[in-house]
Amino acid sequence: MTAFFAIDNLVVTTANKTLLSDISFAMTKGDYLCVIGPNGAGKSTLLKTIMSIVPLSSGSIKLNQTPLSQLKQKALAQHISYVPQAHGHALFFNVNEFIKMGRYPYHSALSDWSQNDQQAFDRAVEITASTPFLERQIHTLSGGEIQRVMIAAALCQQTPLLLLDEPTSFLDPHHQVEVHNLIRELNQQHNISVIEVSHDLNHACQHSQHILALKQGKTLWYGNSTEFINTQQLHQLYDQQFVFATHPQTGAKVALTSEFK
Amino acid sequence: MTAKSVLITITIISLFTLGVSPYIGQIHFDNSELYTQILTQIRLPRVLLAFIVGAGLAVCGMVFQAMFHNPLATPFTLGVASGASLGAASYVFLGLSFSVLGIDGSSLAAFSGALVAISIVFAISRFRSGFSPETLLLSGVAINFFFSSLILFIQYLSNISDSFRIIRWLMGSINVVGYRDIVQLIPFVSVCIVTILWLRRELNLLMAGDDIALSRGVAVKQVRYLLFFVTSLCVGAIVALCGPIGFIGMMVPHICRLLIGSDHRWLTPATLLFGGSFLIVCDTLARTIIAPAEIPVGVITTLLGGPFFLWLLVKSRLNAA
Numbered sequence: 001m002t003a004f005f006a007i008d009n010l011v012v013t014t015a016n017k018t019l020l021s022d023i024s025f026a027m028t029k030g031d032y033l034c035v036i037g038p039n040g041a042g043k044s045t046l047l048k049t050i051m052s053i054v055p056l057s058s059g060s061i062k063l064n065q066t067p068l069s070q071l072k073q074k075a076l077a078q079h080i081s082y083v084p085q086a087h088g089h090a091l092f093f094n095v096n097e098f099i100k101m102g103r104y105p106y107h108s109a110l111s112d113w114s115q116n117d118q119q120a121f122d123r124a125v126e127i128t129a130s131t132p133f134l135e136r137q138i139h140t141l142s143g144g145e146i147q148r149v150m151i152a153a154a155l156c157q158q159t160p161l162l163l164l165d166e167p168t169s170f171l172d173p174h175h176q177v178e179v180h181n182l183i184r185e186l187n188q189q190h191n192i193s194v195i196e197v198s199h200d201l202n203h204a205c206q207h208s209q210h211i212l213a214l215k216q217g218k219t220l221w222y223g224n225s226t227e228f229i230n231t232q233q234l235h236q237l238y239d240q241q242f243v244f245a246t247h248p249q250t251g252a253k254v255a256l257t258s259e260f261k
Numbered sequence: 001m002t003a004k005s006v007l008i009t010i011t012i013i014s015l016f017t018l019g020v021s022p023y024i025g026q027i028h029f030d031n032s033e034l035y036t037q038i039l040t041q042i043r044l045p046r047v048l049l050a051f052i053v054g055a056g057l058a059v060c061g062m063v064f065q066a067m068f069h070n071p072l073a074t075p076f077t078l079g080v081a082s083g084a085s086l087g088a089a090s091y092v093f094l095g096l097s098f099s100v101l102g103i104d105g106s107s108l109a110a111f112s113g114a115l116v117a118i119s120i121v122f123a124i125s126r127f128r129s130g131f132s133p134e135t136l137l138l139s140g141v142a143i144n145f146f147f148s149s150l151i152l153f154i155q156y157l158s159n160i161s162d163s164f165r166i167i168r169w170l171m172g173s174i175n176v177v178g179y180r181d182i183v184q185l186i187p188f189v190s191v192c193i194v195t196i197l198w199l200r201r202e203l204n205l206l207m208a209g210d211d212i213a214l215s216r217g218v219a220v221k222q223v224r225y226l227l228f229f230v231t232s233l234c235v236g237a238i239v240a241l242c243g244p245i246g247f248i249g250m251m252v253p254h255i256c257r258l259l260i261g262s263d264h265r266w267l268t269p270a271t272l273l274f275g276g277s278f279l280i281v282c283d284t285l286a287r288t289i290i291a292p293a294e295i296p297v298g299v300i301t302t303l304l305g306g307p308f309f310l311w312l313l314v315k316s317r318l319n320a321a
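Chains A and B, in that order, are what the protein sequence lines are. If you read the first sequence in my numbering, its first letter stands for residue 1, the second for the next number, and so on. If you read the second sequence in my numbering, its first letter stands for residue 1, the second for the next number, and so on.
Rather than coming from a laboratory, the hints here were simulated on the basis of the structure. As the structure is a prediction and not an experimental result, all values here were calculated from the model. There may be inaccurate statements among the hints.
Lysine-lysine pairs mimicking DSSO-like chemistry, simulated, CA-CA at most 27 Å apart [as the list claims (entries may be wrong)]: (1) Lys-74(A) / Lys-221(B); (2) Lys-29(A) / Lys-62(A); (3) Lys-72(A) / Lys-315(B); (4) Lys-221(B) / Lys-62(A); (5) Lys-29(A) / Lys-72(A); (6) Lys-62(A) / Lys-215(A); (7) Lys-62(A) / Lys-74(A); (8) Lys-74(A) / Lys-29(A); (9) Lys-17(A) / Lys-221(B); (10) Lys-62(A) / Lys-72(A); (11) Lys-218(A) / Lys-17(A); (12) Lys-29(A) / Lys-218(A).
Some chain B residues flagged as far from chain A (calculated, every beta-carbon gap over 10 Å) [said to hold, decoys possible]: (13) Leu-18; (14) Gly-25; (15) Asn-31; (16) Gln-41; (17) Met-67; (18) Ala-123; (19) Leu-157; (20) Gly-178; (21) Tyr-179; (22) Ile-186; (23) Leu-199; (24) Ser-262; (25) Pro-292; (26) Ile-300.
Cβ atoms here follow ideal geometry from the backbone N, Cα and C, with glycine treated the same way.
For reference, chain B alone in the conformation it holds in the complex:
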């Protein structure tokens, strides 16, 4: 199949998922006022949010994989999401409540945390120019541990209700009522996605290696800073709202690359659509499997993602041997 037909197929599947999933759930179709209310105020925003979050996380993962030439490198494995979580948890703990230019303070706190984490990763990767992918991933693990223990510390100091809030939120869930949160999120995610679409040719060249990218005329440093900035923005905003929903950014772009190839002109829209519908499916499962109770969607994505991560790790080891 050509890249074009794969993309068309993914688009059709995504539209289908978007259209059908709001109708799946405990309460079944009738024309009552209550049902319409549930559909438009609860399920529809939830499905839309899942799509936006999934798309954003998948595309950010794709960028990290391309920049670090490694399918295991994502904002989550490198500790950027834990940085964002720490930022947001501090915001809750300190009892802050502010907004800047209509942007919620927790988003800004998470964004700052993400930027700190990404700067650490970046500094480590620069520290020794010949760093190996293993070093990078190990430093990601260390950063994750470090931020996680700080979050635990904050939880320990918090009162019971804050602590519970933090725990539930750390599990990652798509839980909104109405459209206010979605409107908050859209600018961050769309700035990130537009930038990535704009830099599609640069991403292709970065994937071929920094030397090749530079010799073709890519201003590698500037492009990299810009990509780090917009992905931090996107991951920060998403984590502040939904908590860290792991592994989407690793699984989705990898699968899309197998389906459509590495050319970011096709890969980016495919990853975006697939990521969005993938999270919708996961979230639909999360709210229906043990209905009327719910599983946090982060639990589902992590249950799928953990084995996937191991599979990738073993596969890359086998290829290297």
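With the rest of the complex left out, here is chain A:
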């Protein structure tokens, strides 16, 4: 079976630093990959390189056998969408207008809002349950609501692959679960392939299909999520001892940080 999305020997360097090197993996359609690793491991850089926000130095990224470097930015945005990390500066946009801006890749300067656009918009709003705050300004929303709006805008692009950069950081447990459920719904019911950068180890192990563990810009481990928690790599990845317990409801093995050195 040919890969839907494949990265081969990816290297990203800036003037004086190697940010990523020797990254290779392949995804089938409908796959859910979590990228984990300590701060500064290059997780966000990986997503930005895929989205061509950061240029790659060597290696290749292919979507359906086509190298992304051959695509114009607009064409790329029809295939891959991206939800960046929650950023500091306030967005002074009406939610409605901001989500609609997700249709940009399908428009030229003179084209009108079409039936297709409206359908994509309605669907994105419905899935993310954004209707109640559609007429509000983004900077007045709560963290959980902003994340739903950002995901809705990305969904408006109707791409088969969705990249998410720490979508649940800064959210309380309730909203974390809500966003996690939303991502799983997109993946399982709408067959959208997902690459998610996460700091939530247990979420990654239980909900994703594959895990890519990065450390200092290199692949430390790649494989099926269910196998990851059993490996010795966990300690090596975070320089931290873990103990393990069984989730009383699901029976899944969960990792907890050790209280002792």
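Keeping the supplied structure of chain A fixed, place chain B upon it in accordance with the hints.
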């Protein structure tokens, strides 16, 4: 109020300003030949020029604010206007007099100066990818100082009449007789405005941040180069003709954003109309306050703009804290 009704209100006010201001002034209405002459050959072109210049400067300011995500970033605060001034002052000093394809040489000199300044700003903003708005503004201050001292140097070397010309021109004024200068200016300003209207959706996305713009499919680099080019063209042409008229590009778009929101589909026409009528009002004040003498309009806009700049600065500091 909806964006549409705000825009309609601004349009009505602008039309009113355009219609009424030529009739305001020292000489009052009668049907004499002289009066008609003053109206059609002096006041009307002056009002039209003020409108075009105000609209152009305001829209260029709006683009800079959107691109740098900062209400204090404008062609003037970042040194682009000083670059243009230096270009035009050099043209006067070197005693040049030429035109290319009917375009006056001073416009081209100012345009080149603007492009040099904008390239410096751009290089600084690229130099460190994580540059802060403060760094950008400080480098703008440095560029302003640098070009200003070069202009002073040119003035020092010039003869008395050139030097006087340069000083008067640096104060910024809308002073034309007849329509020749307006016809010269229109192509530059309209190319700039049409491009900006064309790129309204890209501007919206740029304002949301480069990452978001790229992920929605905006070719950020190309769009940015194009916008830098057309705004340099516009600011250069305006500065060559009227001198640097400061702060319009900062005040007007900011006020319009408060009135109509950040969506450039509405913001651009609102800024254009408001900027035009704002400069007409300032210029009408400039030529009537101490009539029969005149104040350079740049003095008025700067007197209004200085405190406005400080207010914005304090406000953004308070918000950040």
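inquiry  = Hint compliance check: list the failing hint numbers for this structure, sorted ascending.
reply    = Checked against the structure, the hints that fail are numbers 3, 23, 24, while the rest are satisfied.
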